[in-house]
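Trainee: Read off the chains here:
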Amino acid sequence: AQSVTQPDARVTVSEGASLQLRCKYSYFGTPYLFWYVQYPRQGLQLLLKYYPGDPVVQGVNGFEAEFSKSNSSFHLRKASVHWSDWAVYFCAVSFNTNTGKLTFGDGTVLTVKP
Amino acid sequence: DMKVTQMPRYLIKRMGENVLLECGQDMSHETMYWYRQDPGLGLQLIYISYDVDSNSEGDIPKGYRVSRKKREHFSLILDSAKTNQTSVYFCASSYEIYAEQFFGPGTRLTVL
Numbered sequence: 001a002q003s004v005t006q007p008d009a010r011v012t013v014s015e016g017a018s019l020q021l022r023c024k025y026s027y028f029g030t031p032y033l034f035w036y037v038q039y040p041r042q043g044l045q046l047l048l049k050y051y052p053g054d055p056v057v058q059g060v061n062g063f064e065a066e067f068s069k070s071n072s073s074f075h076l077r078k079a080s081v082h083w084s085d086w087a088v089y090f091c092a093v094s095f096n097t098n099t100g101k102l103t104f105g106d107g108t109v110l111t112v113k114p
Numbered sequence: 001d002m003k004v005t006q007m008p009r010y011l012i013k014r015m016g017e018n019v020l021l022e023c024g025q026d027m028s029h030e031t032m033y034w035y036r037q038d039p040g041l042g043l044q045l046i047y048i049s050y051d052v053d054s055n056s057e058g059d060i061p062k063g064y065r066v067s068r069k070k071r072e073h074f075s076l077i078l079d080s081a082k083t084n085q086t087s088v089y090f091c092a093s094s095y096e097i098y099a100e101q102f103f104g105p106g107t108r109l110t111v112l
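Sequence order for the protein chains is A and B. Here our numbering is used: the first residue of the first sequence is 1, the next is one more, and so on. Here our numbering is used: the first residue of the second sequence is 1, the next is one more, and so on.
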């Protein structure tokens, strides 16, 4: 069955440290992949997207993600976390680009320590 | 300024009452979506609209219906709301069905 898993419900990092948020999917093909961020009491905002091509994609605010077909993963990274990155991060996958449906992971809450 | 708007932002209703949630977008996007978000969970798709009067069920359509009479406007209707429909509802739009989605700020609905 097609699914998206974010294995870490919560991640805590110190400001200035590097960050990796994990996303795994289950699908036989190559999906379209997205990372969204949600700040408190707001809607989701797109960080970056992957359409088949270069496996490393750059996003806003210094975020990047790497697609791995062999590992069925799309992990999000940032070299140096800022306090303003404190938010909930969602991985989303489009398994069928003909329908427009996105399947979301349950999200990872990122806490930034001073 | 490209944006998705939602009205109202907060709503309290009693069980059995009808609920109307409104969504608008100013980007002329063909495709629009309604999701609900519950604590600790990602978003669950309720309905997709591919254009005016062209709607399709999502993953959890039971208890909801939608209306899209103008491209820029998409409504979610709950006929006789239930307490388990208490949630935060998000509307989104995209310029193509495989493209990124733009989200509204959400409507927090409480059904007592």
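FYI, nobody ran anything at the bench for these hints, they're computed from the structure. A quick note: this is a predicted structure, and the numbers were derived from the prediction, not measured. Glycine included, C-beta positions come from ideal geometry on N, C-alpha and C. Incorrect hints may have been included.
Claimed, not checked - Listed next, the in silico DSS-like pairs over lysine-lysine satisfying Cα-Cα at most 25 Å (straight line):
(1) B:K13 to A:K101
(2) A:K24 to A:K49
(3) A:K101 to B:K62
What the hints assert, rightly or not - Derived list of chain A stretches under chain B, where covered just means 3 residues or more per stretch with a C-beta under 8 Å from a C-beta of chain B:
(4) 41-49
(5) 76-83
Trainee: Confirm or reject each hint.
Mentor: Now the hints, each set against the structure:
For the hint pairing K13 of chain B with K101 of chain A, the CA-to-CA distance comes to about 29 Å; that exceeds 25 Å, so the pair is violated. Taken as a hint, the K24 of chain A and K49 of chain A pair is honoured in the structure, with Cα atoms around 15 Å apart against an allowance of 25 Å. For the given pair, K101 of chain A sits about 17 Å from K62 of chain B by alpha-carbon distance, which is consistent with the 25 Å threshold. Counting residues of the region 41-49 of chain A whose C-beta sits closer than 8 Å to any C-beta of chain B gives 7, which meets the bar of three, so the coverage hint holds.
With 0 residues having a Cβ less than 8 Å from any Cβ of chain B, the region 76-83 of chain A misses the three-residue criterion, and the hint is violated.
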